[in-house]
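J.: Here the protein sequences come in this chain order: A and B. Going by our numbering, the first residue of the first sequence is number 1, and it counts up by one from there. Going by our numbering, the first residue of the second sequence is number 813, and it counts up by one from there.
Just so you know, not all the hints are guaranteed correct.
[Unchecked claim] Here are some of the chain A residues that sit facing chain B, going by a computed Cβ distance under 7 Å:
1. 272
2. 278
3. 280
4. 305
5. 309
6. 312
7. 313
8. 351
9. 353
10. 354
11. 361
12. 376
13. 379
14. 385
[Claimed, not checked] Here are the simulated DSS-like cross-link-like pairs (lysine-lysine), alpha carbons at most 27 Å apart as the crow flies:
15. B/898 with A/318
16. B/826 with A/315
17. B/828 with A/318
18. A/480 with B/873
Bear in mind the hints are in silico, worked out from the structure with no lab data behind them. Computed from a predicted model, the values in this text were never measured in an experiment. Cβ coordinates follow ideal geometry from the N, Cα and C atoms, glycine included.
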Amino acid sequence: MQEKPSQPKPNSEEDIRIGVYVCHCGLNIAGSVNAEEVARFAATLPHVVVSKDNRYICSDQGQELIKSDIQEHKLNRVVVASCSPRLHEPTFRRACEEAGLNKYLFEMANIREQCSWVHLYEKEKATEKAKDLVRMAVAKAALLEPEEESEVPIIKKAMVIGGGVAGIQAALDLADTGYQVYLVEKEPSIGGRMAQLDKTFPTMDCSICILAPKMSDAGRHPNIELLTNSEVTEVKGYIGNFRVKVLKKPRHVTEECTACGDCARVCPITTPNEFDVGLATRRAIYTPFAQAVPSTYIIDRNLCLNKENIILCDKCIKACEARAIDFDMKPETVELEVGTIIVATGADVYDPTSLANYGYGKFPNVITSLEFERLINAGGPSGGNLIRPSDMQIPDTVAFIQCVGSRSDKGHLYCSNVCCMNTIKDSLLIKEHWPDTKIHVFYVDIRAYGKGFEDLYKRAKKEGVIFIRGLPSEIHEDRKINNLWLIGENTLQKELYKVNVGMVILSIGIEPRRDNELVQRLLTLSRNPDGFFMEAHPKLRPVDTPTGGVFLAGCAESPKDIKDSVTQASAAAARAGILMAKGRITAEAITPELIAENCTVCGLCARVCPYNAISVDKERKKTEIIEAACAGCGTCGAECPFDALIMRNFTDEQIYAQIDAATEQDADKKIMAFCCNWCSYAGADFAGVSRMQYPTNVRIIRTMCSGRVAPKFVESAFARGTAAVLVSGCHLGDCHYINANYQTKRRVEKLWKKMERLGLNKDRLQLAWFTAAEGEKFASKIKEMQEIVKNVSEEEIEKSKALLAKALPEKD
Amino acid sequence: MPLRIWRKPLDADKIKIPQAEIHIIKDRCKGCGFCIEFCPREVLETSEELNVRGVHPPKVKDENKCTLCHFCAAVCPDFAIFSIEKDCGGGC
Numbered sequence: 001m002q003e004k005p006s007q008p009k010p011n012s013e014e015d016i017r018i019g020v021y022v023c024h025c026g027l028n029i030a031g032s033v034n035a036e037e038v039a040r041f042a043a044t045l046p047h048v049v050v051s052k053d054n055r056y057i058c059s060d061q062g063q064e065l066i067k068s069d070i071q072e073h074k075l076n077r078v079v080v081a082s083c084s085p086r087l088h089e090p091t092f093r094r095a096c097e098e099a100g101l102n103k104y105l106f107e108m109a110n111i112r113e114q115c116s117w118v119h120l121y122e123k124e125k126a127t128e129k130a131k132d133l134v135r136m137a138v139a140k141a142a143l144l145e146p147e148e149e150s151e152v153p154i155i156k157k158a159m160v161i162g163g164g165v166a167g168i169q170a171a172l173d174l175a176d177t178g179y180q181v182y183l184v185e186k187e188p189s190i191g192g193r194m195a196q197l198d199k200t201f202p203t204m205d206c207s208i209c210i211l212a213p214k215m216s217d218a219g220r221h222p223n224i225e226l227l228t229n230s231e232v233t234e235v236k237g238y239i240g241n242f243r244v245k246v247l248k249k250p251r252h253v254t255e256e257c258t259a260c261g262d263c264a265r266v267c268p269i270t271t272p273n274e275f276d277v278g279l280a281t282r283r284a285i286y287t288p289f290a291q292a293v294p295s296t297y298i299i300d301r302n303l304c305l306n307k308e309n310i311i312l313c314d315k316c317i318k319a320c321e322a323r324a325i326d327f328d329m330k331p332e333t334v335e336l337e338v339g340t341i342i343v344a345t346g347a348d349v350y351d352p353t354s355l356a357n358y359g360y361g362k363f364p365n366v367i368t369s370l371e372f373e374r375l376i377n378a379g380g381p382s383g384g385n386l387i388r389p390s391d392m393q394i395p396d397t398v399a400f401i402q403c404v405g406s407r408s409d410k411g412h413l414y415c416s417n418v419c420c421m422n423t424i425k426d427s428l429l430i431k432e433h434w435p436d437t438k439i440h441v442f443y444v445d446i447r448a449y450g451k452g453f454e455d456l457y458k459r460a461k462k463e464g465v466i467f468i469r470g471l472p473s474e475i476h477e478d479r480k481i482n483n484l485w486l487i488g489e490n491t492l493q494k495e496l497y498k499v500n501v502g503m504v505i506l507s508i509g510i511e512p513r514r515d516n517e518l519v520q521r522l523l524t525l526s527r528n529p530d531g532f533f534m535e536a537h538p539k540l541r542p543v544d545t546p547t548g549g550v551f552l553a554g555c556a557e558s559p560k561d562i563k564d565s566v567t568q569a570s571a572a573a574a575r576a577g578i579l580m581a582k583g584r585i586t587a588e589a590i591t592p593e594l595i596a597e598n599c600t601v602c603g604l605c606a607r608v609c610p611y612n613a614i615s616v617d618k619e620r621k622k623t624e625i626i627e628a629a630c631a632g633c634g635t636c637g638a639e640c641p642f643d644a645l646i647m648r649n650f651t652d653e654q655i656y657a658q659i660d661a662a663t664e665q666d667a668d669k670k671i672m673a674f675c676c677n678w679c680s681y682a683g684a685d686f687a688g689v690s691r692m693q694y695p696t697n698v699r700i701i702r703t704m705c706s707g708r709v710a711p712k713f714v715e716s717a718f719a720r721g722t723a724a725v726l727v728s729g730c731h732l733g734d735c736h737y738i739n740a741n742y743q744t745k746r747r748v749e750k751l752w753k754k755m756e757r758l759g760l761n762k763d764r765l766q767l768a769w770f771t772a773a774e775g776e777k778f779a780s781k782i783k784e785m786q787e788i789v790k791n792v793s794e795e796e797i798e799k800s801k802a803l804l805a806k807a808l809p810e811k812d
Numbered sequence: 813m814p815l816r817i818w819r820k821p822l823d824a825d826k827i828k829i830p831q832a833e834i835h836i837i838k839d840r841c842k843g844c845g846f847c848i849e850f851c852p853r854e855v856l857e858t859s860e861e862l863n864v865r866g867v868h869p870p871k872v873k874d875e876n877k878c879t880l881c882h883f884c885a886a887v888c889p890d891f892a893i894f895s896i897e898k899d900c901g902g903g904c
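Based on the provided sequences and hints, a complete structural model is requested.
T.: Have a look at this one:
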């Protein structure tokens, strides 16, 4: 990490010169807030040397006004009272920088979204509130410090985890851009699920025919290093500078292998081939499929007769003319240094054995859609003949059952996205080979939502495929001929059906990989309740993860088809490429500063850090903040009992100053709300945008995360006589900082206990979760709290003031 | 690939693994038991009978499991055991 030498910080208080600018925003603010009055009031506040109101302060003229005032009045802090900082903070920060003022010396008071727009009809009260908001902003501004953003170099190498079609595409795109890529695959060959499929929808392209060239491109590319039969075991470091350990398991066959197959022919050990879902046999020395990349064979040491160091059977060694077999190969740990990581670990398929009513695993002629792909594939175990496993005959009638393991509480609740189209494709494949086959498709809904999907669906109907809405409730087997009876209700015609077919194909869903939890831990990712990895933002950052420098592609993120996987892979490669092309990244200066003399190396901060960005070395008595890994949530600062961590731009002093300013007048009628930048503050903004009206007595303090809200802030608000306090953040599981809001929950619960113990009314402290779209919920929460405020007695306020006085910061 | 593998592979009957014929020259055996111990497929076991040297020679438990690795022949100190491929011309 490189840090620029920091500028000397202004030391004495008398130097502080604040300029305040109150915006009318046309009538958006001035319609319900008397902006001139607010500006006149601001002029009376300490350190304020200039205070002006302006019609549109964000306009070029408005910005010029600020810039010239900075020069003329030697301003060293600027406060703008206008819209939400989420909208124009960058604009004004830039203006300050252009006038030579450090951008961290700028503060905003949100008097539009959180004042004028939500109190449209209470001009007087809204003006009073705007004054309070300006007072809070000025109080904070006086304590702002100039900050330098640190720069981190980015290693121009990438790692892609998972060699399915998404991983291959991402690796190829990055490699073609010119970056070195390590493609790590757990299985002996890249190719993934797509290699197992026969045809792809909606174009009916042969799957392996379009995939194999990409696989060999990836295998041959000078910028791609393939690490197959390998697993990532450790990831350390942070964006731009990851140190990764990869365990390369031995193949026991060297690259001299010519893939002639002589070894496999003599190998005496056979087992079902996983690639063919157990429908064909492989040997202990094998290649998973003909087009495997690398084509080098592999020895399955769990099956091979040769254990440890004893060579009992040397048939393959004798058969191999290239002398490529080496039983002495050992597992090897490779250490890589990469700047970005793309997670393309893919998905598993649902195992329908647990659905006893469908008889999978009991009735030989009930197969899964993946088994179907291998059977219908010309290179598969049956040479492309759709045969019944019971008698190897081609059935006259088949039935597809949709949503097996999807959209049901018996499997997974979500839709697996690909099964409808896959079945339609499969039914057309059957019709193509055996046009007289009678095909029934039992479905819940047919979701043919993509480009060309509806046409394919229509084609299937035209070809005579019978679609019946309503899944069979059970399947019975005719023991003599192994035919199957499907019994259920046609929900469109409201009548029962009993259909006899020769074969049933269960259209199984996609599920998260079992080892997702391990990947999640290695890379500090988050997963949704279904178990798939979460994107940083579902709309605007769909391939980023909460961890900087880590991106998602393919089914690891959610079930998707090949086209979507490839699209996402290219997007992930572009996102990773942007970082690497820049070569360095600046970190917003909201990370903690360690005061070493206060630190006791207790490790509490490291325990609550969602990013492992704090390393605590108890032996060497050293705590270290890895700034590039830190996202600035501030939960460490809230946890530290020794004031050893200063959260830059959200310091304890600044927050206390805001609390003090907000409680200067009529504290006993006010609600102090702590809102996190990403969800609850944005939710409050949204209430404003939607003009949802709520009581004027709430004062919002913005923190990056609710995890920043230290219990002492809440206590000090009560000690200052505040009637009620609201702590709010993103919904649990949706935290912008992985899981920091769980710390919020824990701290508030602890505070409730303390309040109960002290005999205080714990309803005065509320905890609520809002998304950025839940403006309505925010407004109604404030209305609800207004009732609490009304019922808080004077004695109660005095009692809390007295009991919690200790929480007030020491004044000089 | 977590989909449970439970079927008999379709080609299971077509895969031809050479069948073994195990020959034990009982009276050469001195009963060291190496062949029994080292056989990777556990094809052999001690028999009840006594040979001319007064020891229990091995006997074949399950000839079908033999993979013709010939390791028994390699470890036998007395050249008392060997395996050959069965002539399956007429079908085994």
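J.: Next, verify each hint and record whether it holds.
T.: Cross-check of the supplied hints:
The closest approach between the C-beta of residue 272 of chain A and any C-beta of chain B is roughly 5 Å, which is under the 7 Å cut-off, so the hint is satisfied. The interface hint given for residue 278 of chain A holds, since its Cβ lies 3 Å from the closest Cβ of chain B, which is under the 7 Å cut-off. For residue 280 of chain A, the interface hint holds, the least distance from its beta-carbon to any beta-carbon of chain B being 5 Å, beneath 7 Å. Taking 7 Å as the C-beta cut-off, the interface hint given for residue 305 of chain A holds, the closest approach to chain B being about 4 Å.
At about 13 Å, the closest approach between the beta carbon of residue 309 of chain A and any beta carbon in chain B exceeds 7 Å, and the interface hint on this residue is violated. The interface hint given for residue 312 of chain A is met, as the beta carbon of that residue sits about 4 Å from the closest beta carbon of chain B, less than 7 Å. Contact between residue 313 of chain A and chain B, as hinted, is supported at the beta carbon level, the nearest pair being about 4 Å apart and thus within 7 Å. Given hint, residue 351 of chain A at the interface with chain B, holds; its Cβ is 6 Å from that chain's nearest Cβ, closer than 7 Å.
The interface hint given for residue 353 of chain A holds, since its Cβ lies 6 Å from the closest Cβ of chain B, which is under the 7 Å cut-off. Because the closest C-beta pair between residue 354 of chain A and chain B is about 10 Å apart, greater than 7 Å, the hint is violated. With 7 Å as the threshold, the beta carbon of residue 361 of chain A comes within range of chain B, its nearest partner Cβ sitting at about 6 Å, so the hint holds. Taken as an interface hint, residue 376 of chain A does not check out: its beta carbon lies about 13 Å from the nearest beta carbon of chain B, beyond 7 Å.
Given hint, residue 379 of chain A at the interface with chain B, is violated; its Cβ is 13 Å from that chain's nearest Cβ, farther than 7 Å. Taken as an interface hint, residue 385 of chain A does not check out: its beta carbon lies about 10 Å from the nearest beta carbon of chain B, beyond 7 Å. For the suggested pair residue 898 of chain B and residue 318 of chain A, the alpha carbons sit about 20 Å apart, so the restraint of at most 27 Å is met. The suggested pairing of residue 826 of chain B with residue 315 of chain A holds, with an alpha-carbon distance near 21 Å, which does not exceed 27 Å.
As the CA atoms of residue 828 of chain B and residue 318 of chain A are separated by approximately 19 Å, the hinted pair is consistent with the 27 Å bound. Between the alpha carbons of residue 480 of chain A and residue 873 of chain B the distance comes to roughly 36 Å, so the proposed pair goes past 27 Å and is violated.
This entry does not satisfy hints 5, 10, 12, 13, 14, 18, going by the numbered hints stated previously.
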